[in-house]
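Q: Sequence:
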Amino acid sequence: SIMVGLAGELAVLGIGTALLFVGIFVLGPLIARPVASVLGAPVERARGMAGALARQNAMRNPKRTARTAAALVVGVALVSTITVFAASIKSSIRSIIGEQFTGDYVVATKTFGFGGLPSTLSDELGRIDGVAAAAGIQIGGARIDGTDQTVTVIDPHVVGRVFDLGLVAGSIEALDDTGILLSADRSASTGLGVGDTVTAQFLDGSTHTLTVQGVYDKEELAGPFSISSSLYASTGADMFVFSIFLRLDDGASATDVESALDAALAPYPMAELQSREGYIDAQAASIDTLVNLIYGLLALAVVIAVFGISNTLSLSVYERTRELGLLRAVGATRGQVRSMIRWESVITALLGAVQGVVVGSALGYAVVVALRDQGFEEFTLPIGTLGFVLLVGILCGVIAAARPARRAARLEVLAAIASE
Numbered sequence: 001s002i003m004v005g006l007a008g009e010l011a012v013l014g015i016g017t018a019l020l021f022v023g024i025f026v027l028g029p030l031i032a033r034p035v036a037s038v039l040g041a042p043v044e045r046a047r048g049m050a051g052a053l054a055r056q057n058a059m060r061n062p063k064r065t066a067r068t069a070a071a072l073v074v075g076v077a078l079v080s081t082i083t084v085f086a087a088s089i090k091s092s093i094r095s096i097i098g099e100q101f102t103g104d105y106v107v108a109t110k111t112f113g114f115g116g117l118p119s120t121l122s123d124e125l126g127r128i129d130g131v132a133a134a135a136g137i138q139i140g141g142a143r144i145d146g147t148d149q150t151v152t153v154i155d156p157h158v159v160g161r162v163f164d165l166g167l168v169a170g171s172i173e174a175l176d177d178t179g180i181l182l183s184a185d186r187s188a189s190t191g192l193g194v195g196d197t198v199t200a201q202f203l204d205g206s207t208h209t210l211t212v213q214g215v216y217d218k219e220e221l222a223g224p225f226s227i228s229s230s231l232y233a234s235t236g237a238d239m240f241v242f243s244i245f246l247r248l249d250d251g252a253s254a255t256d257v258e259s260a261l262d263a264a265l266a267p268y269p270m271a272e273l274q275s276r277e278g279y280i281d282a283q284a285a286s287i288d289t290l291v292n293l294i295y296g297l298l299a300l301a302v303v304i305a306v307f308g309i310s311n312t313l314s315l316s317v318y319e320r321t322r323e324l325g326l327l328r329a330v331g332a333t334r335g336q337v338r339s340m341i342r343w344e345s346v347i348t349a350l351l352g353a354v355q356g357v358v359v360g361s362a363l364g365y366a367v368v369v370a371l372r373d374q375g376f377e378e379f380t381l382p383i384g385t386l387g388f389v390l391l392v393g394i395l396c397g398v399i400a401a402a403r404p405a406r407r408a409a410r411l412e413v414l415a416a417i418a419s420e
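According to this note's numbering, the sequence shown is numbered sequentially starting from 1.
Among the clues, some could well be false.
To be verified - Derived lysine to aspartate or glutamate pairs resembling EDC-like cross-links, with alpha carbons at most 20 Å apart:
| hint | residue 1 | residue 2 |
| --- | --- | --- |
| 1 | Lys63 | Glu272 |
| 2 | Lys110 | Asp238 |
| 3 | Lys218 | Asp185 |
| 4 | Lys218 | Glu377 |
| 5 | Lys110 | Asp185 |
| 6 | Lys110 | Glu277 |
| 7 | Lys110 | Asp281 |
| 8 | Lys110 | Asp262 |
| 9 | Lys218 | Asp256 |
| 10 | Lys218 | Glu378 |
| 11 | Lys218 | Glu173 |
| 12 | Lys218 | Glu319 |
| 13 | Lys110 | Glu319 |
Source of the hints: derived by calculation from the structure; they are not laboratory data.
All chains should be built: construct the whole structure from the sequences, respecting the hints.
A: Below you can see the structure in the form of structure tokens.
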């Protein structure tokens, strides 16, 4: 039901996004003139007559200016949406792990769920001087009440010392081979509470009737179901943990404990010892590969927008051949004409970039709101990155103007004046 609700919210968001872009295209000419006037004011002050003419050219045909900037609006809006979404997801991951993981170190691996580190390593690390608790976490599978589910496999005697799962009923320490822990959301959706039973069938075909022995509120790390490692081992499943979470004794020397841990982990090349902060940073950075891939695809949209601005400017230069010739005749230099075309392009590109950043930030917020039920509750607006996007917009304007500006500056004055 959660996935159905999420799909419905994302479908509404998709329709709303499409309508938003339609509205931008329709209303673009209405806002192009005032926005171009505001964006062009600093250009006029900085570049004098060339800047003033560039500003007026961007304002005098708002329909063409808006249409020229439209492609850049779409590209920058999508880039900004992904930027805001990625920053918000990273903030949410940092918040979730920071609140629920109360330990000091993590022995992480590149595996998740299958394979990894032997479960006996947790006990070995827990016996090192200065280590107060070592909790190995495994992801397993089971069919619970007829539905295939992912279960978190824990050692109930130590997991509560490195994680705060927000128990609202029962106790983690009381979990045994006849019990199961539920998340509060799953408890609410199924109507099950402490003392109720579920039927669980494991990979070896064995069936167990498990009693709900606890309900926890924070499910982002523990998932909807948690069972004891001794129960999972009794089903014949391979016992490998994907990470071991450590808590040090108060007053323990971190340097000494790290040295001992490194020595104990030497036989396991897939194991990586990370500090609490390093682990949180690594988890937050796990989405970077996907985000960078999306950026690469969206870069094509920005490139297309640059060609669109360049082509429109070239057409504008052709249409204004006589006007440009008159400007040269009354004393405008080639450099001033070139600067005028270039700054007109920059104003147009900035128009598209500013609209794109505003729209993209709003869409990023909408996506985060749609995913709040999945635990992503932090909204972050990366001002620095969005500022860089605006700088890229300016660069797009400069690149797009290169050919039209060169052509305008090379016009023969008499031939241009005589043209119709």
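Q: Could you tell me which of the numbered hints above are not met by this structure, giving the numbers in increasing order?
A: Of the numbered hints given earlier, those the structure breaks are 1, 5, 9, 12 and 13, listed in rising order.
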